[in-house]
Each structure stands twice: as C-alpha cells, then as structure tokens.
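**Student:** Given next are the chains, with one letter for each unit.
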Amino acid sequence: MPGLTDHFVVLEVVLPLLAAPACVLIRNPRVTRLFSLGIVAACFAIAVALLIQVRGGGVISYHLGGWPPPLGIEYRVSTVNAYLLVLVTAMALVVMSFDSRGGPPRVSESRRHLYYAVFLLCVCGLLGITITGDAFNIFVFLEISSLSSYILVSLGGHRRAVMSAFHYLVMGTIGGVFFMLGVGLLYQATGTLNLREIAERLEPSLDDRGAVLALALLVVGISIKLAVFPLHHWLPNAYSFAPPKVSAFLAATATKVSFYLLATILFVIFGAPFVFGELRLHVVLMPLSILAMFLASGAAIFQTDLRRLLAYSSVAQVGYMTLGLSTANATGLAGGLVHLFNHAVMKGGLFLVVACLLHRVGAVHLDALAGVGRRMPVTCAALVIGGLSLIGVPGTVGFVSKWYLVSGVLERGWTAAAVLILLSSLLAVVYVGRVVEALYFRQPAEDHVRPGLREAPFAMLAPTWILIAAAIVFGLTTNWTYGVAAEAAGLLLQGGI
Amino acid sequence: MSAETTILVAILLPLAAAVSCQVFGRLGHPNLRDLATPLIGVATFYAVWQLGDGVLRGGRPELVLFEVLPGVELAFQVEPLGLLYGLVASGLWIATSIYAVGYMRGHHEKNQTRFFTFFALSIFAALGIAFARNLFTLFLFYEALTLLTFPLVTHHGTSEARRAGRIYLGILLFTSITFLLFAILFTWRLTGTVEFTPGGILAADTSSGLVTVLLLLYAFGAGKAALMPLHRWLPNAMVAPTPVSALLHAVAVVKAGVFTILKVVVYVFGLDLLRGGAASLTLMTVASFTMLMAAVVAIRQDNLKARLAYSTISQLAYIVLGAAMATATGVLAGGLQIAMHAAGKITLFFCAGAILVATHKKKVSELDGLGRTMPWTFAAFFVASLSIIGIPPLGGSWAKWYLMVGALETGFPAQAAFLGVLMLSSLLAVFYLMPVVVRGFFAAPPGGDGGPSKIAEAPFLCVLPLVLTALLSLALFFAAPDLVELLTF
Amino acid sequence: MTSAASFTEAVSGLWVYWLIIVLMMVGLYIVIARDNLVKKVMGLNIFQAAAILFYVSMAKVEGGTAPIVPQDAGHGAGHEGHEILYSNPLPHVLMLTAIVVGVATTALALALAVRIHREYGTSEEDEAVAWDMEHG
Numbered sequence: 001m002p003g004l005t006d007h008f009v010v011l012e013v014v015l016p017l018l019a020a021p022a023c024v025l026i027r028n029p030r031v032t033r034l035f036s037l038g039i040v041a042a043c044f045a046i047a048v049a050l051l052i053q054v055r056g057g058g059v060i061s062y063h064l065g066g067w068p069p070p071l072g073i074e075y076r077v078s079t080v081n082a083y084l085l086v087l088v089t090a091m092a093l094v095v096m097s098f099d100s101r102g103g104p105p106r107v108s109e110s111r112r113h114l115y116y117a118v119f120l121l122c123v124c125g126l127l128g129i130t131i132t133g134d135a136f137n138i139f140v141f142l143e144i145s146s147l148s149s150y151i152l153v154s155l156g157g158h159r160r161a162v163m164s165a166f167h168y169l170v171m172g173t174i175g176g177v178f179f180m181l182g183v184g185l186l187y188q189a190t191g192t193l194n195l196r197e198i199a200e201r202l203e204p205s206l207d208d209r210g211a212v213l214a215l216a217l218l219v220v221g222i223s224i225k226l227a228v229f230p231l232h233h234w235l236p237n238a239y240s241f242a243p244p245k246v247s248a249f250l251a252a253t254a255t256k257v258s259f260y261l262l263a264t265i266l267f268v269i270f271g272a273p274f275v276f277g278e279l280r281l282h283v284v285l286m287p288l289s290i291l292a293m294f295l296a297s298g299a300a301i302f303q304t305d306l307r308r309l310l311a312y313s314s315v316a317q318v319g320y321m322t323l324g325l326s327t328a329n330a331t332g333l334a335g336g337l338v339h340l341f342n343h344a345v346m347k348g349g350l351f352l353v354v355a356c357l358l359h360r361v362g363a364v365h366l367d368a369l370a371g372v373g374r375r376m377p378v379t380c381a382a383l384v385i386g387g388l389s390l391i392g393v394p395g396t397v398g399f400v401s402k403w404y405l406v407s408g409v410l411e412r413g414w415t416a417a418a419v420l421i422l423l424s425s426l427l428a429v430v431y432v433g434r435v436v437e438a439l440y441f442r443q444p445a446e447d448h449v450r451p452g453l454r455e456a457p458f459a460m461l462a463p464t465w466i467l468i469a470a471a472i473v474f475g476l477t478t479n480w481t482y483g484v485a486a487e488a489a490g491l492l493l494q495g496g497i
Numbered sequence: 001m002s003a004e005t006t007i008l009v010a011i012l013l014p015l016a017a018a019v020s021c022q023v024f025g026r027l028g029h030p031n032l033r034d035l036a037t038p039l040i041g042v043a044t045f046y047a048v049w050q051l052g053d054g055v056l057r058g059g060r061p062e063l064v065l066f067e068v069l070p071g072v073e074l075a076f077q078v079e080p081l082g083l084l085y086g087l088v089a090s091g092l093w094i095a096t097s098i099y100a101v102g103y104m105r106g107h108h109e110k111n112q113t114r115f116f117t118f119f120a121l122s123i124f125a126a127l128g129i130a131f132a133r134n135l136f137t138l139f140l141f142y143e144a145l146t147l148l149t150f151p152l153v154t155h156h157g158t159s160e161a162r163r164a165g166r167i168y169l170g171i172l173l174f175t176s177i178t179f180l181l182f183a184i185l186f187t188w189r190l191t192g193t194v195e196f197t198p199g200g201i202l203a204a205d206t207s208s209g210l211v212t213v214l215l216l217l218y219a220f221g222a223g224k225a226a227l228m229p230l231h232r233w234l235p236n237a238m239v240a241p242t243p244v245s246a247l248l249h250a251v252a253v254v255k256a257g258v259f260t261i262l263k264v265v266v267y268v269f270g271l272d273l274l275r276g277g278a279a280s281l282t283l284m285t286v287a288s289f290t291m292l293m294a295a296v297v298a299i300r301q302d303n304l305k306a307r308l309a310y311s312t313i314s315q316l317a318y319i320v321l322g323a324a325m326a327t328a329t330g331v332l333a334g335g336l337q338i339a340m341h342a343a344g345k346i347t348l349f350f351c352a353g354a355i356l357v358a359t360h361k362k363k364v365s366e367l368d369g370l371g372r373t374m375p376w377t378f379a380a381f382f383v384a385s386l387s388i389i390g391i392p393p394l395g396g397s398w399a400k401w402y403l404m405v406g407a408l409e410t411g412f413p414a415q416a417a418f419l420g421v422l423m424l425s426s427l428l429a430v431f432y433l434m435p436v437v438v439r440g441f442f443a444a445p446p447g448g449d450g451g452p453s454k455i456a457e458a459p460f461l462c463v464l465p466l467v468l469t470a471l472l473s474l475a476l477f478f479a480a481p482d483l484v485e486l487l488t489f
Numbered sequence: 001m002t003s004a005a006s007f008t009e010a011v012s013g014l015w016v017y018w019l020i021i022v023l024m025m026v027g028l029y030i031v032i033a034r035d036n037l038v039k040k041v042m043g044l045n046i047f048q049a050a051a052i053l054f055y056v057s058m059a060k061v062e063g064g065t066a067p068i069v070p071q072d073a074g075h076g077a078g079h080e081g082h083e084i085l086y087s088n089p090l091p092h093v094l095m096l097t098a099i100v101v102g103v104a105t106t107a108l109a110l111a112l113a114v115r116i117h118r119e120y121g122t123s124e125e126d127e128a129v130a131w132d133m134e135h136g
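Protein chains in written order, with this note's numbering: chain A, 1 to 497; chain B, 1 to 489; chain C, 1 to 136.
To be clear, the hints were calculated from the coordinates, so they are not data collected in a lab.
Hints are supplied without guarantee of correctness; some may be wrong.
Pulled a few chain A residues facing chain C out of the computed Cβ check, cut under 8 Å [claimed, not checked]: (1) Glu143; (2) Met180; (3) Gln188.
Positions of the beta carbon are idealized from the N, C-alpha and C atoms, including for glycine.
Throw the hints in and build the complete structure from the sequences for me.
**Tutor:** Structural data, given as structure tokens:
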C-alpha cells in the first residue's frame, strides 16, 4: 500500500485501539490471543521502525486528519518517546507471549477475550500518552490507560485485588483531575493545547501564579500516577494483588510512561531554567526521592510476600528516577532515563518470575518459597539475577543506572546524596538476601512440602529469561540504552521533544 | 598463540573447569570431575606463565573485549603486579584442587559438584581482577568474586554458616558499594577516566585532603583487604570447608583486596602524588595498627583456623603498609609479600584441614603430641610458620626485608617507629604460630603413655599438596631475585 | 489598594474560582472521609464536576453568545455591520470528552463496588478492611 509507512505514527495508537473492540467481537479465546499478540507485535515493529527513523536527532510530526497544529492534534516522535514506544510495545509483547494458556487464572475461558481487549486498550493508552503532542489528548489517553489498568488489577483473583483496584481508581482519578486542571490553566494562559506551542508561548515566572499553579497541579497529578513518594500508597497493594503478568506489565510500563510525562512537563513545557533555576523544585524532589529510596526499600525488607516486596522496591526505584530528574544535568537525567528502561526490564522479569512461582508453588510468601531453589533451579536463578540487578551489581543493568545517577549527582555537587544512593542499594542487598535465603537455605515447613514440584513450563520460562537476559546484556553493552537515553536527555535539556 | 588469545584463554579456562564440573557431576562421574579440575588448573597456570615473558621484557599485553559505557571498556592488561597475582592464584589453585579432593572425600562433604563449580568460578573472577585494565573491570570481577564465594562460605547450610554468610556479604558488599564504588565514581568525576595508567591518573595538584580521603575510601573499600575495623568477615568465613579457607581466604579473595590497593596506589594515584604525604602516613598508621592488633588477637584464639585467619589479617596489613609507603621498594615488598604469604599461609591452612580430616580436632589446645602421628603435616606447618615469621632461608624473609628497607626510605620523622612495628609484629607471629608446632612435637598426647605412636596422616591427596606448598615457600626464597626483577618499576 | 479592597476583589472578581475550589474540596472531603464506597464515588464525581466547571467558565467570553453560526449570517462574520462575539467552543468540546471519561470512571467504580459488596458482603470500606485484617 502506498504511503502506509507515512501513517506509522498514528497506526501505532490506532491499531490496538481498533483491535480492542475487535477482540470483543471475535470472542474465541484462542483466536483473540493470537490476534492481540499479532497486533502487539505489529506495534512493536512499528515502534522499532520509528526509533530507527528518528535516531540521531530526526523528528516525525504527524497531523491527525490533516489539520496542522495548533488547530489540529499533532503526533510527534523523537528519540525521547520513540525509545519509550519500543519499551512499552516490547514489554507488552513479552508479557502477552508469556504463558500460552492465556489470561489470568481467575478469568474464565468465556470471558478471556475481554481480558485481551482491556489489555490492548491499556497498551493503546500508554502509547497514546507517549506519542501525542497535544496536552488534552494526553489526558484522554492517560484515562484510557488508567481505566484499563484498574480493570486489569481487579482481575487478581484475591478479594483484596478488587479493593486495591478501587483504591487505585480513586487515587488515579484524583491524579487525572489534577492533570486536567493543570492543562486547563495552561490553555488559559496560552490559548493552545499543542505542547510545543504552549512551551513557546508560556513564559513562566514566579510572579505568574497561574503558571506556578499549573505546574503544581500537573506535577502532583502525575506524581500520583507515577507513585512518587509519598503519593505511592496505591502501588504496593495494586501490584501485589494484580495478576502477576499484569504487575509485570504495569511495573514495566505504566510508571515509566508517567515518568516520561513528568520529564516532558518539567523540561519541555516549563523548562529547566524556571523549574530548577527559579522555582528550585529539586529542593523538594531530591529529598523526597532519597526518602523514597530509603523508606520504600526499608519497607520492602519487612515484607513476607514476594510480590509486595517487589512492589515496595518499585516505589524505591521510582525514587532513583526522580532523583535523576532533579539533578537537571545531562548525566543525571540520562541516568534517570536509562534507569527507566533498566528498571522496566528487571522488574518486568522479576514479576514474571513471580508468575512462574505462583503457577507452580501456588503462593509466593517467603515461607512457601522455602527450599524451592533446589526444585526449580532455572526459575530461581532468574530471580537471583534479577535481584542482583536490583542491588546494582556490576554486569547488570542496575549498575549502569547507578553509575550515571551517582555521576550526575556528583556533578551537581550533592556528594551526600551520592553516598545515600549507594547506601540505599545496601537495603536492596538485605531484601534480596532474604529471598535468596528462603529459596536456598530454608527447609520447607511441614505444610509447604510439595513433592511434585517441577520447573515452570517453557512457555513461561522463555519470556522470563528474555527479560532477565536483557538485564545482563544491557548491563554490559549500553550503546543502545545509554546512547539513546543520553540523546533523549540532551533533547529534553534543550526543551525539545 | 598471540598474547591476546592467551589472556582470553587464561581467563576462560577456569570457566571451562566450572562447566566440566557441572557436566561430569551431573553425569555421575565424580572421578573424572575431580581429575579435570587440576588438569585445567595446570593449563591455566601455564597460560598465565606464558604471559610472563612478554611482561618481563616490558610488554603489556592487552585484550579489549567491548565498550560497556562510553569511555569505559571491559578490557584486560597484564602488568607485573597482575601477573604475579594471577600466577599465585592459578598456581595454588592446582595444589588446592588436588587437596580439595582428598579433603572433601575424606571429610564426607555434601554437594561436592556445586563446591567445585563455584571454586572454579571464583578463580575465574580472581583472574579477571588480576588482569583488569581499568577500575570498572576490576570492580566487576571484584563483586563477582564476593558473590561467587558466597555459596562456598555457606556450603554447609547450617545456621552458623548462614550467619557467617550474612556477615561475609554484608561487610564485603557494604565496603565495596559505599566506599570502593564511590571512590571509583569520584575518580571518574575528577579525571574522566578509570583506566589504570602508569604514573597515576589523578592530577598532581589534587589537594592533600582529598587525596587522603580518596585513598582511605579505596583502602577500606577494598574490604577484602580486611583492614581493621572491617575485618570481621574473614574469621567468620572460616566456617567454609578448609580448601576454601586455604585458597580463597588466604590467597585469592584477600589478595584481591590488597592487590586492588596496590594497583590503585600505583596506577590511579601514582607513587609521586602519595609519597611523603598525609595520605601515605595515614594509611601506614592504619596498616600498622591492624598488623599489631590482629597479631595480638591471633595469640588469644584457640580455634586453629580462627588463629590463622587473624594471622592473615595481620599479614595482609604488611602489603597495605608496603603500598602505603608509596615508594618503589614498598610496592616491591607488597608484591613479594603477596606471593610469599600466599605460599606460607596456604600450607598452614592445608595443615589445619589435614588435622581436621585425620583427627577431627579444631583447637590448638587439642593438638598435644599430634606431631608424632602426623609428622609430615607438622613439619610442613613448621616450615610455613618460619616463612610467615620471616626467617631465612624461607620466602617470607624477603618481603619483610624489603618492607624494612622501604620504611626507612619514606622520610617520615617517625619512620623508625614503623620499623619497630614490623619487628614487633614478627615477634608476635612467633607467639601465635610456634605454640602449634611446640604442642605438636613436644607436648605429651593426652592420656597417652608417651610411647611410640603410629603414623596416622590425613589422606595422601591432602598431605602431598601441603608438602609441595611448604617446599614452594623454600623455593621462593631462591626465586626472589626473579620476582624482584619482575616487580621493579 | 488597601488589603480590604484587594480582599473584596479577590472574592467578588474571582468568585468562580472560589466556587470551583469549594466544590473540589467538598468532593475530596467526601472521598477521604466517607467509608461508604458509593459515597466515595459520588465524591469523586463532584470533584470531577468542579474541574469541568473550571473549563466551562474559562470558555466564557464577556457578552459572547453560543458558538453557533446564525443561519442568515453567511460566513459567520459581519452580521449587521459588527462581528458576533462567540464563547470559546474548544473547552466545551474538551469537556464532552471529560464527561465521557467521568462517566466511564463512575461506571467502573460502581462495578468494582458491586464486586466488593459481593466479596465482603458490605459496601463500607472500614468494615471490609477490618474483615481483611481478621481473615488475613
């Protein structure tokens, strides 16, 4: 078809959007699974193609319906978000291909097509947020992804999953409304919704209360979705009661997209000179990030359920990312962005390990996992490697993130913060150590002995190990990850997207 | 074979040993498994030895694998200190892998395949450290060594072993992450490079305070060097099977720590930057303190392995002292001590393990009269003790000699004090090592009639290596001139 | 300007904002303080309504009329010699979307509340939480 490649940008979003109702119409669980897998694979291919096109400073601007901005909605792809598109679609692909039997155990065969529809909508929302250049459009996609992730979380099977989904919904909606108000104020001040136009027309200063208020509303709104400490309360429950596949996907993508959004707003719309020069946002953001690192990691130490442990660790890892953001220099910002990718890979992999364990062992609290390491060596090896990466052992992606975050923080002159980053990774040693000890050193209690315990099925292990292997490969070669992140950080600091 | 390939082969051979352990272990051929490891050990040693010629002639063979971070490569380079450390680790691995077979079977240990696998992997990490061309590569393998030795420390899986494992990981990761990594990143920030460069990479006008802080960060960050007060992991690690204590916790792991300090002093700071400065004096003081304190504590230990562990802490401080002098002689002495102490201390641990296998005795106070039933073991213990104390004609004496010479070259007003410390420390070594020999040979066995007793040595595979390493201590005395030539910068 | 005058101006001139803020806070208070899940949802609705009101008020142009082109006006300009002043249509359109989002959120929240009621036998959050505490 002539010109199809020109429409890649919009297809990236439209494909999953249209595929979702199609799933509802198809109904057959097996066909919907293959169909949605195909759609996600296509999105992934498009994302890679887009990244290759824009790598090295190119920008693709697509005008929806042929209306040029600022009247029409503009979709815009540059290195910053192409990178994220690849991440989101890749994670969706891996999670989709995980476990050939399909959706979460709780969802009955006859309803499985709905699960795929919701999943595709979630992917669509996340891709939309990333790709669009229109502020209100972001809000719409934000709500699409949020609404579908509430549903996904509620499918966890445990009754508390529903309660967690409800809490997540309340927090998420409040965040969404804040975001909407912030966009409204920006529109009031500039008369446009196009992000670049807003950035051009807005000349924020401390006296301009509208701008400051808009910034506050936007930052708080996104911080809720991103689970920035202390607005993280919904996250541990949501991630620990959601189906583990869903946790893997959301942990790897939803918070990452929110982080991108936060970076865009701070650096592109308001600009680093205002946010960090005049307003001195880092005075708040840096201590909060460090608190998140310590308190959330500290909380993770005391968890007895592996999923909760990983969820709290996610809150801590968001702290690393926002810390990178608050340095507002190229190294630190690149560190935050590369950690976005790195954390997605390792935490996605770890939650998939949880899914494997849950499938075989039936529970993932540490007592139930006692001695499992000998019975499921391949699965548990993945858990150990993922854990080492959380600690930031050299040779894993976690180390690469730490290297640049600490460098960026040192460059900023925050020596104490640098020490604190390193100290906080020792907390990770403790909580990872507890898991390892349970897996390999503890004897299973009487009621947890499972004679027939075997390795997880290949269909689960393969996607898990793809992510875990990526955590090592990208820990040793950083051309793509750090290279792209550095380029993106450079763009962001210049205020471009 | 080109030097590049040789480096790769030397580093990969222990990996191959690990794989062969797994393969033979899983197929159920323990004999083949235990035969393969020493053979691969010999090949590894040979490969490292091959590199020696080029290094002696001033060459610095290199192997660059790939770029990890922009400006930071995973790269190897063989220089004299690394060559020496590599030779020591791979050479003594041969002896240990023979000894371990006798020990593990004689002591009926479980999970032998896992044990030998991680043992080989640890050697892989040690060689990676030895040949690291930059701080990143060094740190990568340094952390790998910590993690790979963890299953060896906790081998028995008892609550005691787990507790020791926690302390082991706790201290080693704490120091390496908070101090060493911080120091590396700070160096990166200051200089924009992490490559080991002759003459150092830090600018000559770096302020003395900063240099001192950085040097201490490196010295304590290399927690494997067991400088007091960060030494507690080492006595705790003694719960591991004796071959682990012998090769790893007397040679490969602890030497990785002091080796890091030596490398950093020579190639990151540069001797000129440190010589005669506050940083040098501070670290010398810390080392002297550790040397004496550990020796005093050693005297009070009744558990033989614990006593040897504290002796190791004390002896490691010699190397740190040599590095801290920041003179050519000091570095030379440090390098010599790496080799001399390795040969001596591994013999002592082999003896301790042999006694354990033969008699199940762990305490010094239980050794009365054992020398008569285990003459080879105790003779070897005696020879190695003399080397550790520093009495000619044994290897250890050279290291002590050059250290004393080095101490007098530092030019500090208090240089005589360091001389005194060295002498006192040797005296203390007599006090913690000789009682073992004296009890073994001269005390009457408990409840025995004092009559002639039967020879009841440990299995042959245990005794042979310890005799060989004792002889090595002797041989090193005569080989010293070659080592001196290698290490003269 | 005296502070009293500026206060009066802040109240009278910006009364729409005050209204919106009060509405928001009422909504937020209900979400936080009420344990009944359905009431929480209603609180969220009020909260959202406040934001929608904000957009709508923003679109108001002094003396403007509905942005519909009169049939006799040709191209929308130049009616009886002077231009027609329209209210800004864009925020209204945006709010149509926002209302849809709000309805979807409410529907989903109510659906979850039904599920919770089925699982716990109560629609009161505190009772459900207490039940979880008891039964692990």
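**Student:** Decide, hint by hint, whether the structure agrees.
**Tutor:** Structure-based check of all given hints:
1. Because the closest C-beta pair between Glu143 of chain A and chain C is about 5 Å apart, less than 8 Å, the hint holds.
2. For the restraint placing Met180 of chain A at the interface with chain C, the shortest Cβ-Cβ distance is roughly 5 Å, inside the 8 Å limit, so the hint holds.
3. Evaluation of the Gln188 of chain A hint against chain C yields a held restraint, the C-beta minimum of about 5 Å falling below 8 Å.
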